[in-house]
Amino acid sequence: MSVTADKVRQRAEADARAHGIYLNPDQGFLGDLVEGLRRNEERYGYPSCPCRPATGVFDQDRDIICPCDYRDPDVAEYGQCYCCLYVDSKTHDTGEIKPIPERRPQEKMFPGETGPKQPAAEAKAPQPMAMRLWYCKQCGYVVFREEPPYVCPICRAKREFFAEVRLTAERGTT
Amino acid sequence: MPTNKVEGPKKEHRVFLYTLSTCVWCKKTKELLRESGVEYEYLDVDTCSSEERRSALDSLRSRNAQIGFPIIIVDDKTLITGYKPDEIREALEL
Chain A
1 MSVTADKVRQ RAEADARAHG IYLNPDQGFL GDLVEGLRRN EERYGYPSCP CRPATGVFDQ
61 DRDIICPCDY RDPDVAEYGQ CYCCLYVDSK THDTGEIKPI PERRPQEKMF PGETGPKQPA
121 AEAKAPQPMA MRLWYCKQCG YVVFREEPPY VCPICRAKRE FFAEVRLTAE RGTT
Chain B
1001 MPTNKVEGPK KEHRVFLYTL STCVWCKKTK ELLRESGVEY EYLDVDTCSS EERRSALDSL
1061 RSRNAQIGFP IIIVDDKTLI TGYKPDEIRE ALEL
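The listed protein sequences correspond, in order, to chains A and B.
One point on numbering: in this note's numbering, the residue at position 111 of the first sequence is 111, and numbering is uninterrupted.
In this note's numbering, each residue carries its 1-based index in the second sequence increased by 1000.
Calculated directly from the structure, the hints in this document are not laboratory data.
Don't take every hint at face value.
Unchecked claim - If you only want the chain A side, here are some residues facing chain B, beta carbon under 7 Å, derived: (1) Phe29; (2) Cys51; (3) Glu102; (4) Arg103; (5) Pro105.
Glycine included, C-beta positions come from ideal geometry on N, C-alpha and C.
Next up, chain B with everything else stripped away, as it sits in the complex (with noise of 0.2 Å):
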């Protein structure tokens, strides 16, 4: 799935978000990452294709995530839903 990636000098953890490109709790998220220096990729799931959408949401879904956005996923397993920066900070160990 083409992904849009901000490179950082943090790449111990690896950080995916599922985005909104006009949402601002998703700006947030990204300004979090962004300015702790996190290395992440995200997907903004309205300007995206539609094939890119439907993968995302059965990724998504066989996972059981509530769907709201930013959606975090920490190494594959943490998930969180929404902007929470203390539980982003806890899981990204920042």
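Pulled out of the complex, with its shape left as it was, chain A reads as follows (with noise of 0.2 Å):
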């Protein structure tokens, strides 16, 4: 059974609540995206952000399922995320809402559909990515990805925060 929009909105709105901020006042704009994100959750299996280009490669598309990784630096940075589902307090009682830059990097975007040559990306396997450790020095989570989050989703402590667990040889081997 597939995902409801009533359901993808309570999601959004439980999420907003936990993060101190709120979703979109145009309710007609807010309508939009909830459907992008139930359509998107009914095609790929994950609800990704519904303005950006999924693959349909959990792998490749992490980074953009709703929340993105990208949300809580834009809402610090302007007020609202990229698609504009979440937004601060300040733009929830103007209701400015405007398209932003996207901070997502290029090379994410489509990554290996680059020539007429290839075959189909829902055929491919995963790219191989550089996959790290890294754990707040704030409160210790610890997270198995490419790059450290924006924010903790522990403690919201700022990217800044993260270094990477580097695991060493057992002592006392030759």
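Two chains, two frames, some hints: make the complex.
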């Protein structure tokens, strides 16, 4: 059974509340965003950003699954996220919503889909990525991914608080 | 490349859009053109075939275009990324 628009909206509302932010106050705009998320969850299996190109390969789309990796820094800098689902209290009150620059790196857009000779992206194995362990120096949260998150999901510390975990060989071996 | 054409009385410029079917900024761009009576063609790159998508990406990358939606190409030379009503109106002399 696929997810309903109501469910998507309730999930976003709960997440906004938990983070002290709001949903887009323009109900028409919000309805379109919720429907886009619902549609993406239906076709990809996860609610990727309605305003960004998804590949359908989870590992390549992970950063744009809503709430995306870029939401918190965008809300902090622009008072809203890229697609405008989430806004801060000031934007919520003024209703001044506008397109903002894309923070997602260009190399993440359709990776591998460059030449006509390549097989379909859907059939392709995910690209190997340099996965590393990162830990939050403030709360100890550990995450295994290419880059540290912009904001610690546990204690809200900024990206600068993350350091790479370096596993060293056991002492005593020769 | 099979695309969708939206007829309009204003045909002075050739207007092509690369869009996502779920993107609200893309929807607003289409609305702006429709309300202005501008004829345009568009390709929803998330619902087209993978061949069409690759062809679109090759074309965009050959122009060194930043990938972000919508992408508006006017007369095959002016390229606007994102919903920028002022730039769109200027390019189309609206």
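Checklist line | Unmet hints by their number, sorted upward, for this structure | finding: Violated hints: 4, 5; rest satisfied.
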